[in-house]
Amino acid sequence: MTGRMAGKVAFVTGAARGQGRSHAVRLAEEGADIIAIDLCEDLPEVPYPLATKADLDETVRQVEALGRRIVARVADVRDSASIDAALREGVDELGRLDAVCANVGINNPAPAHEITEEQWHTVIDIDLGGTWRTVKAAIPYLVGQGTGGSMVLTSSAAGLKGYANIAHYTAAKHGINGLMKTLAQELAEHHIRVNTVNPTQVDTPMIMNDPMYRLFCPDIENPTREDFAPISQSMNALPIPWVESRDVSNSVLFLLSDESRYITGVALPVDAGVLIK
Amino acid sequence: MAGRVEGKVAFITGAARGQGRSHAVKLAEEGADIIAVDALKDIDTVTYPMATDEDMQETVRLVEATGRRIHSAHADVRDFESLRIALDAGVEQFGHVDIVSANAGILSFGAVEELSEETWAQMIDINLSGVWRTAKAAIPHLIRQGTGGSIILTSSVAGLRSYAGVGHYVSAKHGVVGLMKTLAQELAEHHIRVNTVNPTQVDTPMVQHPDMYKLFSPDIENPTKEDFAQASGESILYPIPWVESIDVSNAVLFLASEESRYITGVALPIDGGVLVK
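These protein sequence lines are chains A and B, in that order.
Residue 1 is where the first sequence starts when you use my numbering, and the numbers rise one by one after that.
Residue 278 is where the second sequence starts when you use my numbering, and the numbers rise one by one after that.
Do not take every clue at face value.
Unchecked claim - Label-pair ranges, simulated between beta-carbon atoms:
no.	chain 1	residue 1	chain 2	residue 2	range
1	B	GLU283	A	THR147	29 to 35 Å
2	A	ARG69	B	LYS502	41 to 47 Å
3	B	ALA441	A	PRO205	46 to 52 Å
4	A	GLU93	B	PRO487	50 to 56 Å
5	A	GLU93	B	ALA388	56 to 62 Å
Unchecked claim - DSS-like mimics (lysine-lysine), calculated; alpha carbons at most 30 Å apart, straight line:
no.	chain 1	residue 1	chain 2	residue 2
6	A	LYS161	A	LYS136
7	A	LYS53	A	LYS136
8	A	LYS161	B	LYS554
9	A	LYS136	B	LYS554
10	B	LYS554	B	LYS491
11	B	LYS502	B	LYS318
12	A	LYS277	B	LYS413
To be verified - A few chain B residues facing chain A, derived, Cβ under 7 Å:
no.	residue
13	ALA461
14	ALA465
15	LEU514
16	PRO518
17	VAL520
18	PHE531
19	GLU536
20	TYR539
21	ILE540
22	THR541
23	VAL543
24	PRO546
25	GLY549
26	VAL553
It should be emphasised that the hints constitute simulated quantities derived from the structure, not laboratory data.
Ideal placement from N, C-alpha and C gives every residue a C-beta, glycine not left out.
Isolated chain A (complex conformation):
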């Protein structure tokens, strides 16, 4: 049985761990070769550890274990030149580009009036600006090949509703939904589809950290993952505390495969019913 992504090459940002790694592995399972980038260093404006080079190496190991090829590079979505260089090397080695997962994201909870200029700028620059720079780098390859393509931008349930104490993140994720709709318009004539995935809380290091536990459990002194679980679950309609990266990856796979060949301009919640609760 041929895979659902057989013969395609996918570019995944934030691929060292979490959802990005899961997307890379899931797409490779279905036959795709992967171009992976990640920053692989901490940032002063982000209050939890970011991925490491060792994490990115583990993504490489998992993709190669599936018999697929991967080109992995350290690159920063705040810097177009670094994205361009990594993508150029990947396309040179793997021969083409068909699919894009603009997955990089960070968060840094605080009430809107306490967010500093630096915090605001960092979240907007990485989550929204980084998504734009990622697609900007990829579009010339997709248009130039003339064989269409599919891009999935990682938004959030926070791209479709408000959440207290993450105003910058909510604004950035709403911005990604707007960017997606404009891209869908601009690229339809080239048979390039653009959609978002909009997850609820996902079990990744971006969510499972002390500042996020404190955001969701303000009345507990030193909240833990166990304290966070029932509060997180109370936000979802389905009786689960959070979704797994694999759940988002299955939606990304659907949107990148030809099964969704005429789906474009769509925000797909993977949200356990947060939006209808």
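Given chain A, work out where chain B should sit, using these hints.
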């Protein structure tokens, strides 16, 4: 390799032809047994012919050719008892039901102020109330089984935006989206997911007929399929005249499978970007 809905049983209304048949065959190809119903009689406010016994026999043949089983029955979504009896017989035969595709639908025409009571009533009774009756017949089985389930209601792009000349259809399809959201709330505790598919024009007998051609090309005296392809294509962002039943079936398969295990309360457009044009 196991199919994506291996071992599940799917209940599909309007299964004799068009999208319903396509859903039945696709789900069977991926390992599901099928309980298929259709009214199989013409409707006086509808100007194109409804499916026939021969159509249903062809659906049966196509499903059995995949190696799966099918229980087919005459049942009219305007008659709850006919649905209940057909579904109960199918569950008796196969032991359970896991997937529901409330697909039966009609199309008729008229400016809002010109619609007759009968045209309005039949539209609402089939396209909205018929979806409710289908869910109502299936929910007791799904809850009693205690193993969750996935209900997919066929709405339309017309469930998310308006079209002149089909106000009753637009009203019914919007209603289906509202019904879906309430069902998603009511059934989440039982791990039963409820979503809609929202297609643009699909290449089926409900769409390919002279009255539909006239709706899209009011200034042409006797518009042809070629005229319709042009006019329909102009309503769609992506460079296609319409989508195929298989495109909707692939979305139904995704929503029916465990790949979407935490997606509920979502309206999924398969619309070539009509909504973002």
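Each hint, compared with the structure:
Under the hint 29 to 35 Å, the C-beta atoms of GLU283(B) and THR147(A), about 33 Å apart, fit the expected range. Taking the beta carbon of each, ARG69(A) and LYS502(B) are about 45 Å apart, inside 41 to 47 Å as hinted. Restraint check, ALA441(B) to PRO205(A): a C-beta distance of roughly 51 Å satisfies the suggested window 46 to 52 Å. Distance hint for GLU93(A) and PRO487(B): a CB-CB separation of about 55 Å, consistent with the stated range 50 to 56 Å.
For the pair GLU93(A) and ALA388(B), the supplied restraint of 56 to 62 Å holds, since their beta-carbon distance comes to about 60 Å. Simply put, LYS161(A) and LYS136(A) have alpha-carbon atoms about 26 Å apart, close enough for the 30 Å limit, and the pair holds. For the given pair, LYS53(A) sits about 25 Å from LYS136(A) by alpha-carbon distance, which is consistent with the 30 Å threshold. With a C-alpha separation of about 23 Å, the suggested pairing of LYS161(A) with LYS554(B) holds against the 30 Å cut-off.
Proposed proximity of LYS136(A) and LYS554(B) is supported: the alpha carbons are some 21 Å apart, at most 30 Å. Annotation: proposed proximity of LYS554(B) to LYS491(B) holds, straight-line Cα distance about 22 Å (limit 30 Å). The hinted pair formed by LYS502(B) and LYS318(B) meets the criterion: a straight-line CA distance of about 25 Å does not exceed 30 Å. Of the pairs offered as hints, the one joining LYS277(A) and LYS413(B) holds, with about 21 Å between alpha carbons and a cut-off of 30 Å not exceeded.
Interface restraint check for ALA461(B): the shortest CB-CB distance to chain A comes to about 5 Å, inside 7 Å, so the restraint holds. The interface hint given for ALA465(B) is met, as the beta carbon of that residue sits about 4 Å from the closest beta carbon of chain A, less than 7 Å. Interface hint status for LEU514(B): upheld, as the beta-carbon distance to the closest one in chain A is roughly 5 Å, under 7 Å. Among the interface hints, the one on PRO518(B) is violated; its C-beta lies about 11 Å from the nearest C-beta in chain A, farther than the 7 Å criterion.
For VAL520(B), the interface hint holds, since its Cβ comes within 7 Å of a Cβ in chain A; the closest pair sits about 5 Å apart. For PHE531(B), the interface hint holds, since its Cβ comes within 7 Å of a Cβ in chain A; the closest pair sits about 5 Å apart. Interface hint at GLU536(B): satisfied, since its Cβ lies 4 Å from the closest Cβ of chain A, which is below the 7 Å cut-off. The interface hint given for TYR539(B) is met, as the beta carbon of that residue sits about 5 Å from the closest beta carbon of chain A, less than 7 Å.
About 6 Å separates the beta-carbon of ILE540(B) from the nearest beta-carbon of chain A, less than 7 Å, and the hint is met. With 7 Å as the threshold, the beta carbon of THR541(B) comes within range of chain A, its nearest partner Cβ sitting at about 4 Å, so the hint holds. Interface restraint check for VAL543(B): the shortest CB-CB distance to chain A comes to about 5 Å, inside 7 Å, so the restraint holds. Annotation: PRO546(B) was flagged as interfacial toward chain A, and the flag holds, the nearest CB pair being 5 Å apart, inside 7 Å.
Annotation: GLY549(B) was flagged as interfacial toward chain A, and the flag holds, the nearest CB pair being 5 Å apart, inside 7 Å. At its closest, the beta carbon of VAL553(B) sits 3 Å from a beta carbon of chain A; the interface hint therefore holds under the 7 Å criterion.
Of the numbered hints stated above, the single one contradicted by the structure is hint 16.
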